Amino acid sequence: NAGVTQTPKFQVLKTGQSMTLQCAQDMNHNSMYWYRQDPGMGLRLIYYSASEGTTDKGEVPNGYNVSRLNKREFSLRLESAAPSQTSVYFCASLGRTYEQYFGPGTRLTVT
Amino acid sequence: DAKTTQPTSMDCAEGRAANLPCNHSTISGNEYVYWYRQIHSQGPQYIIHGLKNNETNEMASLIITEDRKSSTLILPHATLRDTAVYYCIVRVSYGNKLVFGAGTILRVKS
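Residue numbers (my numbering), protein chains in the order written: chain P, 44 to 154; chain F, 52 to 161.
Simulated from the structure, these hints should not be mistaken for laboratory data. In this text, all values refer to a predicted model and were calculated from it rather than measured experimentally. It cannot be assumed that every hint is accurate.
[Unchecked claim] Derived pair list, reagent style SDA-like, types lysine to any residue, alpha-carbon separation capped at 25 Å: (1) 103/F - 144/P; (2) 57/P - 92/F; (3) 100/P - 64/F; (4) 54/F - 80/P; (5) 57/P - 73/P.
[What the hints assert, rightly or not] Derived CB-CB ranges, DEER-like: (6) 46/P - 127/F: 20 to 30 Å; (7) 138/P - 123/F: 32 to 42 Å; (8) 125/P - 93/F: 19 to 29 Å; (9) 106/P - 118/F: 20 to 30 Å; (10) 94/P - 93/F: 19 to 29 Å.
Where is the CB? At the ideal position from N, CA and C, for every residue including glycine.
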């Protein structure tokens, strides 16, 4: 039982490049989330998916798109990366008693 | 979701109990108290949650006052690996939005 996994662990992009962050969970959870955490700051919700086939915007969705590919996987796409998107990205899933389980994070730098 | 107030930082001696307070005076009847922690550079980790009764699990205990306006997370025998930022979050159980405030930096010292 790996919990929540994320790939890649680290990524460096140039401004304007695109990439997709992958997230998968093996706990059979319905809801999944994408957060970003800037240095010294708390987490901010980007997008979430309450169930397979649905997605909703969070607090800071601009510049991102998501896909809930199936129950296990929830990906986050940056179409045209900007330096302001330099951050650590965390994926999470929602457990049976509404606690969230987080992945190890993807550290993204946009130059 | 109700706002929470936590001390900025606390120190604790290794092996002693760490008691982390949280004030949530505007908590509503259907809001739960959740605790998470984030060890440096790692993803946040769920610790415990409760509604009004005290709760205990293998990681910690949660004491909620009778009026539910404050709570205390207790790590019974703190170790160096418990050094982390601890977040107290008040929310409805079914809500999707998890708002992390500044939290409390707990430093466990040998």
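Given hint residue 80/P paired with residue 54/F - CA-CA distance at most 25 Å = 20 Å, holds
Indicate whether the distance between the beta carbons of residue 106/P and residue 118/F respects the range 20 to 30 Å.
-> For residue 118/F against residue 106/P, whose Cβ atoms are near 43 Å apart, the range 20 to 30 Å is violated.
Taking the beta carbons of residue 138/P and residue 123/F, is their distance inside 32 to 42 Å?
-> 23 Å, violated
Would you mind confirming whether the straight-line C-alpha gap from residue 57/P to residue 92/F stays at or under 25 Å?
-> Holds, at roughly 23 Å.
In this structure, is the beta-carbon distance linking residue 94/P and residue 93/F contained in 19 to 29 Å?
-> 28 Å, holds
Mind checking the alpha carbons of residue 100/P and residue 64/F for me, to see if they're no more than 25 Å apart?
-> 43 Å, violated
Starting from the hint 20 to 30 Å, judge whether the C-beta atoms of residue 46/P and residue 127/F obey it.
-> Since residue 46/P and residue 127/F have Cβ atoms about 25 Å apart, the given range 20 to 30 Å holds.
Residue 103/F and residue 144/P: Cα distance at most 25 Å?
-> 23 Å, holds
Are residue 125/P and residue 93/F spaced within 19 to 29 Å by their CB atoms?
-> 26 Å, holds
Given the proposed pairing of residue 57/P with residue 73/P, does the C-alpha separation stay at or below 25 Å?
-> Violated - the C-alpha atoms of residue 73/P and residue 57/P are around 34 Å apart, more than 25 Å.
This entry does not satisfy hints 3, 5, 7, 9, going by the numbered hints stated previously.
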